[in-house]
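One letter stands for each residue in the lines below.
2 protein chains.
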Amino acid sequence: MRTIDWNDENETLIMVDQTLLPIDYRMIACDNIGSLCEAIQSLRVRGAPALGAAGGFGIALAASRSSVDSMETLLDELKAAGDTIKSTRPTAVNLAWGVDRVLDAARDAYDTDGIRKIVLQEAKAIADEDVELNKRLGAHGAALLNDGDTVLTHCNAGRMACVDWGTALGVIRSAVEMGKDISVIACETRPLNQGGRITAWELMQDKIPVTLITDSMSGHVMRQGLVDSVIVGADRITQDAVFNKIGTYTHSVMAKEHGVPFCVAAPVSTFDFERMEDEVEIELREGDELRFMAGKQIAPLDVQVYNPAFDATPMENVTAIITENGVFTPPFLLDEVRFLL
Amino acid sequence: MRTIDWNDENETLIMVDQTLLPIDYRMIACDNIGSLCEAIQSLRVRGAPALGAAGGFGIALAASRSSVDSMETLLDELKAAGDTIKSTRPTAVNLAWGVDRVLDAARDAYDTDGIRKIVLQEAKAIADEDVELNKRLGAHGAALLNDGDTVLTHCNAGRMACVDWGTALGVIRSAVEMGKDISVIACETRPLNQGGRITAWELMQDKIPVTLITDSMSGHVMRQGLVDSVIVGADRITQDAVFNKIGTYTHSVMAKEHGVPFCVAAPVSTFDFERMEDEVEIELREGDELRFMAGKQIAPLDVQVYNPAFDATPMENVTAIITENGVFTPPFLLDEVRFLL
Numbered sequence: 049m050r051t052i053d054w055n056d057e058n059e060t061l062i063m064v065d066q067t068l069l070p071i072d073y074r075m076i077a078c079d080n081i082g083s084l085c086e087a088i089q090s091l092r093v094r095g096a097p098a099l100g101a102a103g104g105f106g107i108a109l110a111a112s113r114s115s116v117d118s119m120e121t122l123l124d125e126l127k128a129a130g131d132t133i134k135s136t137r138p139t140a141v142n143l144a145w146g147v148d149r150v151l152d153a154a155r156d157a158y159d160t161d162g163i164r165k166i167v168l169q170e171a172k173a174i175a176d177e178d179v180e181l182n183k184r185l186g187a188h189g190a191a192l193l194n195d196g197d198t199v200l201t202h203c204n205a206g207r208m209a210c211v212d213w214g215t216a217l218g219v220i221r222s223a224v225e226m227g228k229d230i231s232v233i234a235c236e237t238r239p240l241n242q243g244g245r246i247t248a249w250e251l252m253q254d255k256i257p258v259t260l261i262t263d264s265m266s267g268h269v270m271r272q273g274l275v276d277s278v279i280v281g282a283d284r285i286t287q288d289a290v291f292n293k294i295g296t297y298t299h300s301v302m303a304k305e306h307g308v309p310f311c312v313a314a315p316v317s318t319f320d321f322e323r324m325e326d327e328v329e330i331e332l333r334e335g336d337e338l339r340f341m342a343g344k345q346i347a348p349l350d351v352q353v354y355n356p357a358f359d360a361t362p363m364e365n366v367t368a369i370i371t372e373n374g375v376f377t378p379p380f381l382l383d384e385v386r387f388l389l
Numbered sequence: 049m050r051t052i053d054w055n056d057e058n059e060t061l062i063m064v065d066q067t068l069l070p071i072d073y074r075m076i077a078c079d080n081i082g083s084l085c086e087a088i089q090s091l092r093v094r095g096a097p098a099l100g101a102a103g104g105f106g107i108a109l110a111a112s113r114s115s116v117d118s119m120e121t122l123l124d125e126l127k128a129a130g131d132t133i134k135s136t137r138p139t140a141v142n143l144a145w146g147v148d149r150v151l152d153a154a155r156d157a158y159d160t161d162g163i164r165k166i167v168l169q170e171a172k173a174i175a176d177e178d179v180e181l182n183k184r185l186g187a188h189g190a191a192l193l194n195d196g197d198t199v200l201t202h203c204n205a206g207r208m209a210c211v212d213w214g215t216a217l218g219v220i221r222s223a224v225e226m227g228k229d230i231s232v233i234a235c236e237t238r239p240l241n242q243g244g245r246i247t248a249w250e251l252m253q254d255k256i257p258v259t260l261i262t263d264s265m266s267g268h269v270m271r272q273g274l275v276d277s278v279i280v281g282a283d284r285i286t287q288d289a290v291f292n293k294i295g296t297y298t299h300s301v302m303a304k305e306h307g308v309p310f311c312v313a314a315p316v317s318t319f320d321f322e323r324m325e326d327e328v329e330i331e332l333r334e335g336d337e338l339r340f341m342a343g344k345q346i347a348p349l350d351v352q353v354y355n356p357a358f359d360a361t362p363m364e365n366v367t368a369i370i371t372e373n374g375v376f377t378p379p380f381l382l383d384e385v386r387f388l389l
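These protein sequences, in sequence, are chains A and B.
49 is the number of the first residue of the first sequence in this note's numbering; add one for each residue after it.
49 is the number of the first residue of the second sequence in this note's numbering; add one for each residue after it.
Do not take every clue at face value.
What the hints assert, rightly or not - With a straight-line cut-off of 20 Å between C-alpha atoms, the simulated SDA-like cross-links for lysine to any residue are: (1) B:Lys304 - A:Gly307; (2) A:Lys304 - B:Lys172; (3) B:Lys172 - B:Asn58.
To be verified - Restraint-style ranges between C-beta atoms, simulated for each label pair: (4) B:Ala173 - A:Pro257: 23 to 33 Å; (5) B:Gly343 - A:Tyr73: 16 to 26 Å; (6) A:Glu337 - B:Asp79: 40 to 50 Å.
No lab work stands behind these hints, which were simulated from the structure alone.
For glycine and all other residues, C-beta sits at the position ideal for the given N, C-alpha and C.
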């Protein structure tokens, strides 16, 4: 079952409600833009590739619900729907990318029925391509893993962050599919615990052995020789650094200290090689994410909190970047990488 | 107000109930051994030095509640009470140490009234000495801090782990008392969040500026140059390593990577120089500490969990050990240190 998909029978967008994991695995259906926007804002669907598909299917949903028969009016309606969807998470580049790709495709139609067909086709293509891309990425990465390896990962770069398969977890799934025996150490990933809530759950669903640890234990497990490689996802990759979930940098230093390969699994769409680390602003999130857990107070209500969503890992700590087009090893020759993207 | 103390008026042992922090600051009274044992087991009182005082006052409590007038019978009763108290946390060396020190003192008495007086005197002496010792330790450590410094700490090595003042936080308190402007970054310290629940609360009570972060952020804040030194407590110090709350080792590697001094604040009673790291077994705690938070499920119920309570930081990562007898800088000349202890 895909994380996000289209139901042809009743023309609705269906998705796993990730806020209920791991206690409940439930598919929800969005039958209008309002419910889709609520789902994105509440993080029922999250993860860059999954949001790209959500944006695309959102336009298809708007087209299927509109009864206008003027092409111009329909295109205007779809553009307005796209703006509404994009505004739910303005910094999510993939969400806007998915919306815009489908809107662009709509221009090739000759009538309103054509628009409705094309936008759904294009949205489905985004979803299919994401799965296909992750499988290619997974195959490239799986070649780096040995039978019997234990991989440490952080946050969730799995099926639930994508349409299916996953990036970091996709590499692990591909290795397991090749017959390799792989175990995973999942860092719980404070403050929102995507590792404990989602990664651990995903791997257990697939019967891939997983052990949950606190983020602070990564040094201890590596010092004991329990980790063969670290594989994480990425939110953005500049010329000099990998931006990923807060805590990733600490794991990269621990890997360097213990001679453990530190690998990043991300599609080439994550590359932002026009920028350097110091040109990227790191999102600061609400302090209440550390003051409360599952609705319960766990720190003084008025304590000052520093809560960056991401950190930057300098490229010298990165052993390899696994993409759908192959494995890159820093330092990059920029012109060479551009050619391959 | 001390974390643990004796109420002369009604001859009860009073203590802060630390399980209620930071939501509620409440003193509870133990008027018999049963309620004291419950308080120790439920972690209402915790921290090695505080448990030493709890053990000592426990014997005083047993003596005050006994009405026997035979010295031999009374000493037997106290020994039995001591065994009951020690069995609540068999690995807590300070708890047993406090019990035994007071039982030993009781042998100097000439009658049952003498026993009752002496055991209370000795228990109060343990508590007084702990405060005095922490103040001396604090003064030695404060000399290492500069005006304007930001100190990163892990877990709670503060007033709440001791009778008063604290070890790592005692150094900070002493520096502030000397007029230095010190800010603290407190790591929340998963899985039991003593940093978020207790350290942050303690420092806010004293109006010492504190910022709460997740444990995984320590690398990110050090890379940004926000940390001038790391100060942590210790549970045991062998010839080659410092045992402290899980996560400490990771912070020590981050400090080394960024050229930040990594200091350990602990009384000499923490030294166990007869042993090497590999002779010490690390306590493994229940997996539910990662599966639940404040009573709410936060990971799959049946996920495998690895939950060591402590880790070992090799001595080469330690810049200084701050004790009540002065500051030691590894590598130690063992004979020299033995002389100073």
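Verification of the hints:
| no. | hint | verdict |
| --- | --- | --- |
| 1 | B:Lys304 - A:Gly307 | holds (16 Å) |
| 2 | A:Lys304 - B:Lys172 | violated (50 Å) |
| 3 | B:Lys172 - B:Asn58 | holds (16 Å) |
| 4 | B:Ala173 - A:Pro257: 23 to 33 Å | violated (53 Å) |
| 5 | B:Gly343 - A:Tyr73: 16 to 26 Å | holds (22 Å) |
| 6 | A:Glu337 - B:Asp79: 40 to 50 Å | holds (42 Å) |
Checked against the numbered hints given earlier, the structure breaks hints 2, 4 and satisfies all the rest.
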